[in-house]
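Read top to bottom, the protein sequences are chains Y and X.
If you read the first sequence in the numbering used here, its first letter stands for residue 1, the second for the next number, and so on.
If you read the second sequence in the numbering used here, its first letter stands for residue 1, the second for the next number, and so on.
Source of the hints: derived by calculation from the structure; they are not laboratory data.
Careful: at least some of the hints might be erroneous.
The following residues of chain Y were derived to be distant from chain X, with all beta-carbon distances above 12 angstroms [stated by the list, open to error]: (1) R53; (2) I77; (3) S82.
Residues from chain X that face chain Y, not an exhaustive set, calculated with beta carbons under 10 angstroms [stated by the list, open to error]: (4) N63; (5) R64; (6) I97; (7) K132.
Virtual Cβ for every residue (Gly too), placed ideally from N, Cα, C.
Take a look at the letters that make up each chain.
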Amino acid sequence: MRTREQVLKDLQTRFKDDIVDLLDKSPKRVYMEIKPEAIVRIGSYIFKDLEARFNIASGVDARSHIEILYHFSLEYINLLISLRVKLDREKPSIDSLANSFKAVNWVEREMSELLGIEFKGHPEMKRLLLPEEWPEGVYPLRADYEEWDKNAIRDRGV
Amino acid sequence: MSFAVNALLKSPWVFHLSTGSCNNCDIEILDCLTPRYDIERFGMLLVGSIKHADVLLVTGSCNRKSAGRLKTLYEQAPQPCVVVAIGECSLSRGLFIHSYNCPVPLDKIIPVSVYIPGCPPKPEAIIGGVVKLIQKVKGT
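Pulled out of the complex, with its shape left as it was, chain Y reads as follows (with noise of 0.2 angstroms):
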């Protein structure tokens, strides 16, 4: 059984061109930052070769950038992985991981419609939450959003 020394050690010594920064959070959390071209390298490394779970990936608008979270947990030495990728503010862009696990792919279409974020490769981009009225190049979740809808009423009518 591998050990959480181990399987940090691989990991920094397996992909030291690709982490930009390493966290060490506390015993049962560890911060990867790593560049967003490695992202299928390494996501599909610790999903399938060190067998952990994927959790879930949570996309943040930091206003300076914007910036992808995949969490992995390995049970066996209960330990979470969050792989950090920062992504240009402008056009963000990065290669989808859904080819490489099934569980990601619904996660990736919810970030694509309210963040913006493309995710090159993967193999069914349409919207899953947002009505089909919703018009196109609006990001609701973005910090600049504004209100584009002229019918909506804001006030509680007393």
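Use these hints to put chain X onto chain Y, whose structure you have.
The following block gives chain X in isolation, referenced to the frame of chain Y:
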């Protein structure tokens, strides 16, 4: 008051629709059916289809997708059908008034007869609201 309305008021059957609520109002509606409150003793029955219902209970702040489905349900309801808005979200959208996905309140989509405020309203408040509705329709 017509004969049909008089007959329906003896035993109003209710249909419950959640248009994107946090499920807390829905739990309070289900509490009304438990032996402690037991609204079935007033003849009210929770039915599984809008086509059997006389009263439509709506919870939740209508979002863009559920507004269309709400309209469809209201059109399918046998007339006369009265609408009861339960909870702060369906009254004025509550916390979600500035949400990108909740553009208009419920009473701008379909006509609403009774408003029951609260987050969530107590089962007593829901029963009281429906009783007031019956009195209002009867005209007493």
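Going through the hints against the structure:
1. Chain X leaves Y:R53 outside its interface by the beta-carbon criterion, the shortest separation being 27 angstroms against a cut-off of 12 angstroms.
2. The non-interface label for Y:I77 is consistent with chain X: the shortest C-beta to C-beta separation is roughly 36 angstroms, beyond 12 angstroms.
3. Even its closest Cβ contact with chain X, about 27 angstroms, leaves Y:S82 beyond 12 angstroms, as expected for a residue assigned away from the interface.
4. This hint holds: X:N63 has a C-beta 8 angstroms from the nearest C-beta of chain Y, less than the 10 angstroms allowed.
5. Nearest Cβ of chain Y to the Cβ of X:R64: about 4 angstroms, under the 10 angstroms cut. The hint holds.
6. At a threshold of 10 angstroms, the smallest CB-CB gap from X:I97 to chain Y is about 6 angstroms, leaving the interface hint in force.
7. Using the Cβ-Cβ criterion of 10 angstroms, the hint placing X:K132 at the interface with chain Y is not satisfied: the shortest such distance is roughly 21 angstroms.
Hint compliance for this structure: hint 7 is the single one not met.
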